[in-house]
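Make the full structure from the sequences, and use the hints.
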Amino acid sequence: IIGIGLFGIGIHVLAMVSLIGPILTLPVAGAIVIIIGGLFLFMVACFGFVGMWKRSRRLINYYAIFVGILIVFQVVASVLFLVYTLNVVGEIHKEIRKAMFGYKTFQENDPRRKAVDGLQWLLKCCGMDFGLIEWLSSQKRLPKSCCFDPKDETKKNKCELGKEPAPFDIACRDVTEKTIRIFFAVVSGITVSMSIIQLVAAGYAYMLANYVY
1 IIGIGLFGIG
11 IHVLAMVSLI
21 GPILTLPVAG
31 AIVIIIGGLF
41 LFMVACFGFV
51 GMWKRSRRLI
61 NYYAIFVGIL
71 IVFQVVASVL
81 FLVYTLNVVG
91 EIHKEIRKAM
101 FGYKTFQEND
111 PRRKAVDGLQ
121 WLLKCCGMDF
131 GLIEWLSSQK
141 RLPKSCCFDP
151 KDETKKNKCE
161 LGKEPAPFDI
171 ACRDVTEKTI
181 RIFFAVVSGI
191 TVSMSIIQLV
201 AAGYAYMLAN
211 YVY
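Each residue of the sequence shown is one higher than the last, beginning at 1 in the working numbering.
Check the hints yourself; a few may be wrong.
[Claimed, not checked] Simulated restraints, written as ranges between beta carbons of each label pair: (1) D152 with C46: 13 to 23 Å; (2) L39 with Y204: 18 to 28 Å; (3) K94 with F49: 46 to 56 Å; (4) H93 with C46: 40 to 50 Å; (5) M207 with D149: 49 to 59 Å.
[Claimed, not checked] Taking lysine-lysine pairs in the BS3-like style, the calculated list, with each CA pair at most 30 Å apart, reads: (6) K114 with K144; (7) K124 with K140; (8) K158 with K104; (9) K158 with K124; (10) K124 with K144; (11) K151 with K163; (12) K124 with K94; (13) K114 with K151; (14) K178 with K158; (15) K114 with K94; (16) K163 with K178; (17) K54 with K114; (18) K144 with K163; (19) K54 with K104; (20) K98 with K158; (21) K140 with K163; (22) K54 with K98; (23) K94 with K178; (24) K94 with K54; (25) K178 with K151; (26) K124 with K178; (27) K140 with K104; (28) K124 with K163; (29) K140 with K98; (30) K158 with K144; (31) K114 with K98; (32) K178 with K104; (33) K114 with K158; (34) K104 with K124; (35) K163 with K104; (36) K124 with K151.
No lab work stands behind these hints, which were simulated from the structure alone. All of these numbers come straight from a predicted model, not from anything done at the bench. By construction, the Cβ of each residue, glycine as well, lies at the ideal position given by its N, Cα and C atoms.
Here is the structure:
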């Protein structure tokens, strides 16, 4: 179950990176490592199940060793990923701000324009530093993504003040920082919880291996 959960988290992170890829050059290695780690953990769990089913001391010992290696891998990967991302938060804000500044010069089908719209709709924010006032001062109107799903072709209405739905009034800088903090809190909590569970599983497997023979 934990392995499948890791796999799902990796897919979600990869989708998020792909969404803002046109305006941010972020490495996908972290997401790929999580996906591979999830699949590997699932296979190790199956390996341990077979060992217990066949009452094989060798297989159970291998399972305990693999789980121990995974614990070390998870802790090291989490620390490195945390340090890297905290160091590039400023660069992330800079690139998003740059893309929003050039938004009005982009064509409708420009990937950078779609990335800005996707980011605003996903995070329910409008503008980078000072909210929707930035759009009104730079291009005299609000992007559709400040009110509607940019992919929904049925929504032909313009996003305007005083009309429903009301434009998002939160600046993307604030919500981006909040999202990053929540993301790392969740990932850290999951990593610690999984490490504890795996440590217990490895200890149980070791005791079981000694019990078998």
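When the hints from earlier in the document are held up against this structure, which numbers fail? 1, 17, 19, 22 and 24
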